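These protein sequences, in sequence, are chains A and B.
The first sequence begins at 1 in our numbering and counts up one residue at a time.
The second sequence begins at 1 in our numbering and counts up one residue at a time.
Each hint should be verified, as a subset may be incorrect.
[To be verified] Derived EDC-like pairs: lysine to aspartate or glutamate, alpha-carbon spacing no greater than 16 angstroms straight-line:
1. A:K227 to B:D34
2. A:K22 to A:E3
3. B:K22 to B:D102
4. B:K289 to B:E276
5. B:K43 to B:E31
6. B:K43 to A:E149
7. A:K35 to B:E224
8. A:K43 to B:E149
9. A:K239 to A:E273
10. B:K157 to B:D34
11. A:K116 to A:E3
12. B:K35 to A:E276
13. B:K157 to B:E224
14. B:K26 to B:D102
15. B:K116 to B:E224
16. A:K35 to B:E149
17. B:K113 to B:E224
18. A:K47 to A:E149
19. B:K227 to A:D34
20. B:K35 to A:E224
21. B:K227 to B:D306
22. B:K26 to B:E105
23. A:K157 to A:E105
24. A:K26 to A:E105
Simulated from the structure, these hints should not be mistaken for lab results.
If you're wondering where the values come from, they're calculated on a predicted model, not measured in any experiment.
Protein chains: 2
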Amino acid sequence: MNEIITVEHGSGGFKTNELINKIFSKHFANEILDKMEDAAVLKVAGKIAITTDSFVVTPLFYPGGDIGRLAVCGTVNDIVMMGARPQFITAAFIIEEGMDTDTLEQIVISMAKTAKESGVAIVAGDTKVIEGNGGLYITTTGIGKIIAEQISAANCKPGDAVILSGTLGDHHACILSARMGIANNIVSDNVPLVEPVMTLINNGINIRAMRDITRGGLGTILNEFAKSSGVSICIEEEKISVSESVSGLCDILGLDPIYMGNEGKFIAVVAKEDAETAVELLKQNEISKNACIIGHITSRGIDSKDNTVTMITPNGASRRISIMHGEGLPRIC
Amino acid sequence: MNEIITVEHGSGGFKTNELINKIFSKHFANEILDKMEDAAVLKVAGKIAITTDSFVVTPLFYPGGDIGRLAVCGTVNDIVMMGARPQFITAAFIIEEGMDTDTLEQIVISMAKTAKESGVAIVAGDTKVIEGNGGLYITTTGIGKIIAEQISAANCKPGDAVILSGTLGDHHACILSARMGIANNIVSDNVPLVEPVMTLINNGINIRAMRDITRGGLGTILNEFAKSSGVSICIEEEKISVSESVSGLCDILGLDPIYMGNEGKFIAVVAKEDAETAVELLKQNEISKNACIIGHITSRGIDSKDNTVTMITPNGASRRISIMHGEGLPRIC
């Protein structure tokens, strides 16, 4: 089946059924999806985490990933960051006329592979077709069983360590390079974070707060933690790793890694006494082999009503890090 | 706040937070959403139904509804059709640059109102901004607790009655009229079907299969029931009600109500002995006051390997109804 997709494929009739059978059901097949009618039936118990995200990244394919891999990773990672084991995801496709079914199938295959890698089943879906130019938007919703309930942006305490799982800016720099036609060796970090996080939880690490570093970057997330927990945060610039090629691109284009989006990095705030063990555990996994303590949670200064995020530069100066203003990079995820 | 939305609003930084606080959180506020971080936390137990749908309808506002109302109703109705009580929905917004925040807020208010009407809480969300012309795509995912487990397209049995809850074609005719600039009094049937369906379930009606009649229309759904259950279906044309104004439009444009989409009508296949009671119960509700038995499930003919859907016309001829071929109406939902 190689066809150009038209509005007929979104009609709900024969062509829609054909698309579902020949592409979606074929690659996503599992016991729950196979039985799905208007909705899928799940058995669940206890506390679950639920999240939804739309993915509008351009280009659809880039070094290290594609919109399908991103749509699974993004949602899986949001679930993991709540201290939950991802179990199920749904996927809704808005397809622009002009996409060909081979390209769609390639993306669907990538989603199926990433779902398997993440240990989740794709249990429900939808397809709509709009006018356009062969573009694609995917919205995924994820569900997971919460196994570490205490994790929350509001749970950081003075003395806690701030751990960064790896280099900053890879996904952002990769998408930007692809869009600007810059040839380099930058590859997106697009990866499910299930394994490193489950390792921390299973080894009893006392994680206070956790967040994958996507849109808005590290700076925006640390400000959210500081505000939610009523604390301040101090990090050291020289502890933050950025790959040589990303660093080079940032220098040329005047980008700040602190505000760049990633798709396979996270920040974990961990109780002081568990911090070294946590870093050791993370370093054993290829995904988080560059994990490092980059700073600490502090109480607010006596005179300050603010919850500040401060970065100590290599020459000892301190720089106030605020939430990201301005546009960042559009359509990065 | 009346601003034109730009890519900055989708950056994940300051402008995104502003949009979330001033529009989404303001109108969707509830205990679960207020505590949401990367994901929301739900308590659930037992069997749940989950469904996801993207909504791409144009125009965004039409007589009887808007894309926000549609996005809530569509997902709520899919959950209800599984014999489940809708509880939670998530909403992901893909906004085209150029939309103004007042228009967005109006749609968000409509969603909040429809969610309340349906008894569901909006528990998680996402916002992305793409290039474009002020358009909007909303993807909703719904979760509900299953209370009538037996309901399935595969559960129809010979002798069962086929009940249609009301007039066909209203939403389709409304969207088409709006798009073609035809002035008439056609209003979309855009409504949550929670009440009439819960009335059937709570009164112990033995529902075999149920489906809201959206894209693809009645013809496509009956074929799906016939195929899934290994039965044939016979319906009578004169029992199918179509409003006078919709019927007039169909005559002029050569449309067949059998394949037209609705957003507040459903088909229920019910055990023979419960059929009259079911119709009486439905008639008590304004939403389903025109409910009527339109036909019956039959076994397959001895010579036939097919599961056919046949419609008896008013002059006694029989017409074979197949699944919809062709494009229907693009962007109807």
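Hints the structure fails to honour: 9, 10, 11, 12, 15, 17 and 23
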